[in-house]
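So the sequences go chain by chain: A and B.
In terms of the numbering used here, the first sequence opens at residue 1 and continues consecutively.
In terms of the numbering used here, the second sequence opens at residue 1 and continues consecutively.
The reader is advised that the hints may include incorrect statements.
Stated by the list, open to error - Under the rule of at most 16 Å between Cα atoms (straight-line distance), these lysine to aspartate or glutamate pairs were calculated in the EDC-like manner:
id	chain 1	residue 1	chain 2	residue 2
1	B	41	A	5
2	B	41	A	7
3	B	41	A	77
In case anyone wonders, no lab produced these hints; they're calculated from the structure.
Just so you know, these numbers come straight off a predicted model, no measurement behind them.
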Amino acid sequence: RKEVEQDPGPFNVPEGATVAFNCTYSNSASQSFFWYRQDCRKEPKLLMSVYSSGNEDGRFTAQLNRASQYISLLIRDSKLSDSATYLCVVNAPRPSNDYKLSFGAGTTVTVRA
Amino acid sequence: GAVVSQHPSWVICKSGTSVKIECRSLDFQATTMFWYRQFPKQSLMLMATSNEGSKATYEQGVEKDKFLINHASLTLSTLTVTSAHPEDSSFYICSARVGAGTSGITGTGELFFGEGSRLTVL
Numbered sequence: 001r002k003e004v005e006q007d008p009g010p011f012n013v014p015e016g017a018t019v020a021f022n023c024t025y026s027n028s029a030s031q032s033f034f035w036y037r038q039d040c041r042k043e044p045k046l047l048m049s050v051y052s053s054g055n056e057d058g059r060f061t062a063q064l065n066r067a068s069q070y071i072s073l074l075i076r077d078s079k080l081s082d083s084a085t086y087l088c089v090v091n092a093p094r095p096s097n098d099y100k101l102s103f104g105a106g107t108t109v110t111v112r113a
Numbered sequence: 001g002a003v004v005s006q007h008p009s010w011v012i013c014k015s016g017t018s019v020k021i022e023c024r025s026l027d028f029q030a031t032t033m034f035w036y037r038q039f040p041k042q043s044l045m046l047m048a049t050s051n052e053g054s055k056a057t058y059e060q061g062v063e064k065d066k067f068l069i070n071h072a073s074l075t076l077s078t079l080t081v082t083s084a085h086p087e088d089s090s091f092y093i094c095s096a097r098v099g100a101g102t103s104g105i106t107g108t109g110e111l112f113f114g115e116g117s118r119l120t121v122l
């Protein structure tokens, strides 16, 4: 089983729509969670961290469900500029007593005019 | 925000040659940097953790003699793909962490990525 799994999409939505997608992780000891955004052929950039109680940053809302081991990202009032691939990133401890960031393959969102 | 710069952005080389990619932290010191590889439509795969002044830690399945990592200073890590072959063609990207756990161990600081280097081996 992959450490982090995401629905690849693509999610094609009209401007102004709401789009939401999840990411599941396999390691129950995972401690920190992030959503990164990656534009085509560019480096990933941090969109937001995901906190246990859920958090919002403008039109973006992230949720964490530890019991079911998934995180979610919701985008309200989609803009054309939101078109990108969204990477789920999970940080978990390893037996070697260090941590490892694992990346999902990304969920592609395309917002159309 | 913190900036991580990677060079070159694109490189095309012949099979059998070696290619060096540089990763620099421009406005902060990074005792730890990470090297990833990303194939089209796949996730970033951690190749190795580069530690300043000591040997890199390689992930399982990554050949350390094939992918040489040197982290000689607090602002520079290099990845050398030795005797490159077409199957090594990929997007190589480095990152460094800023903030709590700058060493990268605790994983609480934001991760900044270089712009990536697209390697094509003919």
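Status of the hints after comparison with the structure:
With a C-alpha separation of about 13 Å, the suggested pair residue 41 of chain B and residue 5 of chain A falls inside the 16 Å cut-off, and the hint holds. Between residue 41 of chain B and residue 7 of chain A the alpha-carbon distance is near 12 Å, which keeps this suggested pair within the 16 Å criterion. Restraint check for residue 41 of chain B and residue 77 of chain A: not satisfied, since their Cα atoms lie roughly 26 Å apart, outside the 16 Å limit.
Hint compliance for this structure: hint 3 is the single one not met.
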